[in-house]
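There are 2 protein chains.
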Amino acid sequence: MNAQSMPMTVRPEDERATLSEVLRGHGVGPTHQRIEIARALFSRMTHLSADQVLAAVNQRHAETSKATVYNTLKLFVEKGLVREVIVDPTKVFYDPNTSPHHHFYDVETGEITDIDGDRISILGLPALPEGKVAAGIDLIIRVRGAA
Amino acid sequence: MNAQSMPMTVRPEDERATLSEVLRGHGVGPTHQRIEIARALFSRMTHLSADQVLAAVNQRHAETSKATVYNTLKLFVEKGLVREVIVDPTKVFYDPNTSPHHHFYDVETGEITDIDGDRISILGLPALPEGKVAAGIDLIIRVRGAA
DNA sequence: GGTGAAGTTAGACAGAGTCCAATTCTTATC
DNA sequence: GATAAGAATTGGACTCTGTCTAACTTCACC
Ligand SMILES: [Mn+2]
Ligand SMILES: [Mn+2]
Ligand SMILES: [Zn+2]
Ligand SMILES: [Zn+2]
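Residue numbers (this note's numbering), protein chains in the order written: chain A, 1 to 147; chain B, 1 to 147.
Rather than coming from a laboratory, the hints here were simulated on the basis of the structure.
The structure displayed is predicted, hence computed values, not measured ones.
A few of these clues could be false.
Identical copies carry no separate label here, and so any pair may be met within one copy or between two of them.
When the alpha-carbon atoms are kept at most 25 Å apart in a straight line, the in silico PhoX-like pairs for lysine-lysine are as follows [what the hints assert, rightly or not]:
| no. | residue 1 | residue 2 |
| --- | --- | --- |
| 1 | Lys132 | Lys74 |
| 2 | Lys91 | Lys132 |
| 3 | Lys132 | Lys66 |
| 4 | Lys74 | Lys91 |
| 5 | Lys79 | Lys132 |
| 6 | Lys66 | Lys79 |
| 7 | Lys91 | Lys66 |
Could you build all of it, start to finish, from the sequences and the hints given here?
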C-alpha cells in the first residue's frame with residue numbers, strides 16, 4: 001500500500017480502517033497509536049523525523065508517548081512499511097515511500113526530495129566484499145542554495 | 001597532500017614538520033593538538049569517529065580535550081583536509097581521503113570501505129532543484145554478512 | 001468476564017555533539 | 001629573548017536523539 005493507491009478523500013473512519021488493513025497486511029497488529037503514526041507518515045508522504053512524528057501525532061490531543069513512537073517506527077522499518085533515510089548526522093528520517101529511490105538533500109534547509117529510482121543507473125560497481133550481501137543502495141545528492 | 005605521498009618511514013619530528021606544512025597549506029594554523037589530530041587521521045588513512053580520534057590522540061598521554069577534537073574536525077572539514085561520511089545514524093566519521101569516492105558500509109560491523117570514485121558512473125540524474133547547486137554526491141552500498 | 005500476551009508509558013539513562021567563560025598558546029614585533 | 005594581542009584550548013555544563021525498564025493498560029481468546 002502507498003498513499004497514491006488511496007482515494008483522494010476518505011471519511012476519517014474509513015481511513016483508519018484502511019490503515020488497519022495495511023498494518024495487518026504487514027504483520028503489525030493495529031493499535032490506536034500505530035494507526036495514528038501510520039497516518040502521520042502516509043497522509044503526508046514526506047520524510048519525517050521521530051520528533052516530527054511525535055509532534056504530528058499529538059497535535060490535537062496527547063495520544064502517544066515518545067517511547068511508543070520510537071518502538072513503532074523501528075517496528076515499521078522491520079516490517080517494511082517505511083524506510084530509514086540517513087542523510088543528517090543528527091537524526092534519522094522515516095520515509096513512507098518504500099519503492100527504490102534516491103534523495104536530494106539540502107544541507108542548509110534540511111529539505112529532502114525524492115529521486116525516482118528507475119531513471120537512475122549506477123555503473124562500474126565493484127564486487128561486494130567477500131562473504132557480504134547487499135542490504136541497500138543509498139544515493140544522496142547534497143545540494144545548497146546557489147552561492 | 002595525502003598519506004601515499006609521504007615516505008614509508010619518517011622520523012617523528014619530520015612527520016610533524018610535514019603535517020605542519022600541510023595544515024598551513026590549507027590555511028590552518030598548526031598547533032600541537034591539530035598536528036596530533038591530523039596524524040591520527042593521515043597515518044591510519046581510515047574512517048574515524050570523533051571519539052576514536054580522541055582516543056587515538058590521547059593514547060600515550062592526555063594531550064587533547066573533547067572540545068578541541070570537535071573544533072578541529074569541523075575546521076578540517078571546512079578547510080577541505082578531511083571529509084565527513086554520514087552512514088551511521090549515531091555518529092559522523094571523518095575521512096582523510098578527499099578524492100571523490102564512495103563507500104561500502106557493513107551495517108552489522110560498522111566497517112567502512114572505500115570504492116574508487118572514477119570507476120563509477122551514475123546515469124539519469126534529474127536536474128537539480130531550481131536555484132540549488134550541487135554540494136556533493138554520496139553513494140553508500142549497505143552490506144551485511146551473508147545470511 | 002477472566003486470563004495471558006502484547007502494547008504503552010513515564011521517566012531515568014546513555015552517547016554524540018555544542019557552548020562558554022576562563023586559561024594558555026602562538027606569533028609577530030621589538 | 002621578552003611582550004602583547006589575537007588565536008586556540010579546556011572542563012564541565014548543557015542539549016538532543018535515542019534506548020531501556022518496570023509498572024500499567026489493552027487486546028485476543030476462551
Ligand atoms: Mn549526533
Ligand atoms: Mn543520534
Ligand atoms: Zn524518499
Ligand atoms: Zn572513504
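Hint-by-hint comparison with the structure:
no. : hint              : result
1   : Lys132 with Lys74 : within (24 Å within a copy, 33 Å between copies)
2   : Lys91 with Lys132 : between (27 Å within a copy, 23 Å between copies)
3   : Lys132 with Lys66 : neither (35 Å within a copy, 35 Å between copies)
4   : Lys74 with Lys91  : both (14 Å within a copy, 18 Å between copies)
5   : Lys79 with Lys132 : within (22 Å within a copy, 35 Å between copies)
6   : Lys66 with Lys79  : within (20 Å within a copy, 39 Å between copies)
7   : Lys91 with Lys66  : both (15 Å within a copy, 21 Å between copies)
Hint violations for this structure: number 3 only, all remaining hints satisfied.
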